[in-house]
Amino acid sequence: MNPAPGSVDPLADALLALRLYLIAPRQLGGIVLRGHGPARDLVVEQLLEKTDVRRLPLNIDDERLLGGTDLAASLAAGKTVHQQGLIDRARGDTILIAMAERLSDGIAGKIAQAIDGGADIGLVLLDDGIEPDEAPSVALRERVALHCDLSGLSKLDATAMPKGKADALDEVAPLDDTQLAALARIASMLGIASLRAPIFAVATARAHAALKRRKSVDEKDLEVAARLVLAPRATQFPEAEPEPPPPPEDEQGDRSDDGIEEQQPSTLEDRVLQAATASIPPDILARIAAGTIQRGGQGQGAGRKRHSLTGGRPRPPRPGAPGRGARIALVDTLRAAIPWQPLRRREAQHGRVQVRKDDLRIRRFEQRARSLTIFCVDASGSAALARLAEAKGAVELMLAQAYVTRSEVALIAFRGKGAELLLPPTRSLTRARRALAELPGGGGTPLASGIRMATELADRARQNGQTPFLLFLTDGRANIAADGAPGRGQAGEDAESAAKILGARGFDALVIEISPRPGKDAAALAKWMQAGFLALPHADAAALHDAADAARQSASRP
Amino acid sequence: MARFPFSAIVGQDEMKQALLIAAVDPTIGGVMVFGDRGTGKSTAARALAALLPPMSAVENCRFACAPDEKGTCPDPCTSGRTRKRPVPVVDLPLGASEDRVVGALDLERALRTGEKRFEPGLLAKAHRGFLYIDEINLLEDHLVDLLLDVAASGENVVEREGLSVRHRAKFVLIGSGNPEEGELRPQLLDRFGLSVEVRTPDEMEKRVEIMKRCGAHDRDPDAFAGQWAEEDAKILKQIERGKKKVASLEVPDDVLEDAATLCLAVGADGLRGELTLMRAAKALAALNGARAVRREHLIAVAPMALRHRLRRDVLDETGSTTRIERAIEESFG
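Note that the protein sequences, when read in sequence, are chains A and B. One point on numbering: in the numbering used here, the residue at position 522 of the first sequence is 522, and numbering is uninterrupted. One point on numbering: in the numbering used here, the residue at position 213 of the second sequence is 213, and numbering is uninterrupted.
Errors might be hidden in some of the hints.
[Unchecked claim] Simulated coverage check for chain B against chain A, where a stretch passes if three residues somewhere in it have a Cβ under 8 Å from a Cβ of chain A:
| hint | segment |
| --- | --- |
| 1 | 20–31 |
| 2 | 66–75 |
| 3 | 233–247 |
[As the list claims (entries may be wrong)] To list a few chain B residues with every Cβ distance to chain A over 10 Å, as calculated:
| hint | residue |
| --- | --- |
| 4 | R46 |
| 5 | S56 |
| 6 | N60 |
| 7 | S79 |
| 8 | V87 |
| 9 | S97 |
| 10 | R100 |
| 11 | S153 |
| 12 | D190 |
| 13 | A225 |
| 14 | E230 |
| 15 | G289 |
| 16 | A292 |
| 17 | A300 |
[Said to hold, decoys possible] Restraint-style ranges between C-beta atoms, simulated for each label pair:
| hint | chain 1 | residue 1 | chain 2 | residue 2 | range |
| --- | --- | --- | --- | --- | --- |
| 18 | A | D116 | B | D253 | 44 to 54 Å |
| 19 | B | K234 | A | I130 | 48 to 58 Å |
| 20 | A | G118 | B | P76 | 34 to 44 Å |
Keep in mind the hints are simulated off the structure, nothing from the lab. Beta carbons are placed, not taken as given, at the ideal position from N, Cα and C, and that holds for glycine.
Construct the entire structure; sequences and hints are all you get.
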């Protein structure tokens, strides 16, 4: 029997999803199975038992994936030998992608394109991601109907797929308008923008009806569809979007036939919605609340990638000479040289492989070694409050061009007893605005704490392959020590030692004196940090931004 | 499998109109489509191509030479016969290598005969048709530069691997992307002729209708296409009529002035905005079978021609579309 809503066993659901997928592989597109562990192994085992599966290795190259020239065979045969790609060979089969969260966007994009172009393949994506933003490419998740989360499952209650002979999908009648409307509304209540989701839900409901050998879809089928397809895609609570409340006349009105008909869809909807929300995993709810789930997916933006010049995801090689950090791509170089061998041999009269300069190929990696600008703002009473507004403006301007410079911005404020990371590294203007709106001012100047936090953040950025650039907006007059105790003497010493540590790290930094009455403290601070120094007593946001930008650019030049 | 018919696409009127304008005047400079996933962007682009009439080309020509261009491509295309072939729609995959895009040395020839011959890439395949790039914002920058350059010049120049080849590559570039997943550089954005924003329809009736049509298409694509064949034929006729008409249409001076006023009012950068605005208005007038280009045509195309050319004001969160609508309101009442 189906478990009651609210006590859904994820494993039973995953097995059910698998069964439904096998009934309608083309319509459902596949399954995402998140969470590594025995529960998922069991599902995969059952999949392997039931159908042909081809595995797609993560490092597959274009030619193996889409077909192309088989170089080895071509060389041997002396003519081009074409090979079929995995996608062609897998027609009608299921492609299994293990560790799908590690699959590159490039490959995911090509698979997605093949699916859009009518390739008859199903995908089983094994998602071993642990962090919320570790997940398979949105392009693929989007094109796969069934999403199952088996992570953190400790006991295995269900161990077999739902049995019994199923009808063919064609034998199930299309959904009626009320049912279609229910699925469409629920998708919209859950904040699902894509129209693929409700379309998948329709197919899932029909597949479930076929499994139960019903000729038409009933409420139970809709519940299953909402649970397996819509709930995992939710980006908001159903309550978050106020639905137009039913006109009160309807409830007071006499129960004519019309009235009952009007009522029916909403009750059907409510029940199906309840089933869907009951199975939204609690961590999704938490993530929605924390704002880490964004509309349109996460982790795909150009800004999220953190790769350096020397490592990271390989990109297609390009012609070019090695040097200046570029490494030679040997295989591609040879590949480029081989076609020319008959010609060159004729010229040179000897049998060695002749590689010339034109053949050279260099390796490239995703070159998104972007900068992180860390604003460290003195929000104490001694720094004029007005300066804060300008700092905010500068941060916003910086972010506005972040998509051009591929840079991120972070904001630390120090005031009162310590420092606070107000804005973790981000490119999102919206997010920055929110954080900046709440920037409080006043209190002492815990300069040392601010410097320490900035140093830590810069260290982390450097480990991620980013180039940090620190920007201090302060008058340099510390009066709170690192431990939070007041007192100028200790505070000054702490600030000096923190600044010297920062200086030793070799980060590029700039101290901007924002006091209307410039003193010597900020200049001294800059010296300890081995940073640039700038006094801008009357600077506005634009001037601050320009100064920071100029300093950052001269710093980033070798 | 029959493709989803263009006329069966529910809503997305702005996108459909932009595509039709690009079909009437391919020199408009391409269409950029912004929108969430699963809103039917690629469905529309692919459907349009399926609807267009086949084109004549020199038989066996790898560069799809039109009959009057015979013998002008890098190949000796001398066949006296012409053949009809479908208008190409080329999908550019995200991770495509430069070789595949611009073309490269033909390995087979080089291996067998030591002859260097050019193997045309995706740009040559897209000649006289459409080049569709999903998620163009995730494409490598140097490829985007290259594509826009070729799209603007209509010619692909290859100087690499000892090859020196140039061939025609005139195509309508259609890019799509979700701005939340990474943005395009403004310089690149400006080079697209039109840009449209696609959203999931809010009305439940439309959503249900979409689900129904997708279901019907899925159950029997051919029968579904048959149902819409008549509607598609109407659109085809409209495009053909528009194409004939667009060359003879003149833009009266007062409309030219309107265009200048509007561009000034929204603060669009550069002349490109004004030019595109004129061309698009003209194409729309031709498409609608109007006798002359009028202000209403201009106003109708203004958002798609200008929206991506506005300077971004950090402290103003008003969307570009709203700013354009406001400017129209202020300028023309």
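Now for the hints, and whether the structure bears them out:
1. 20–31: It is violated, with 0 qualifying residues against the three required.
2. 66–75: violated (count 0)
3. 233–247: violated (count 0)
4. R46: violated (8 Å)
5. S56: holds (26 Å)
6. N60: Non-interface label stands for N60(B): nearest chain A Cβ at 18 Å, farther than 10 Å.
7. S79: The claim stands: S79(B) keeps its Cβ more than 10 Å from every Cβ of chain A (closest is about 23 Å).
8. V87: Answer for V87(B): holds, closest chain A Cβ roughly 16 Å.
9. S97: violated (4 Å)
10. R100: violated (8 Å)
11. S153: holds (22 Å)
12. D190: D190(B) clear of chain A: closest Cβ-Cβ about 13 Å, beyond 10 Å.
13. A225: Fine: 14 Å to the nearest Cβ keeps A225(B) off the interface.
14. E230: Nearest chain A Cβ is 23 Å from E230(B), so the label holds.
15. G289: holds (33 Å)
16. A292: At roughly 39 Å from the nearest Cβ of chain A, A292(B) sits farther out than 10 Å, so the non-interface label holds.
17. A300: holds (26 Å)
18. D116(A) with D253(B): 44 to 54 Å: Taking Cβ atoms as reference, D116(A) and D253(B) lie about 46 Å apart, which means the hint holds.
19. K234(B) with I130(A): 48 to 58 Å: Holds - the Cβ-Cβ distance for K234(B) and I130(A), about 54 Å, lies within 48 to 58 Å.
20. G118(A) with P76(B): 34 to 44 Å: holds (35 Å)
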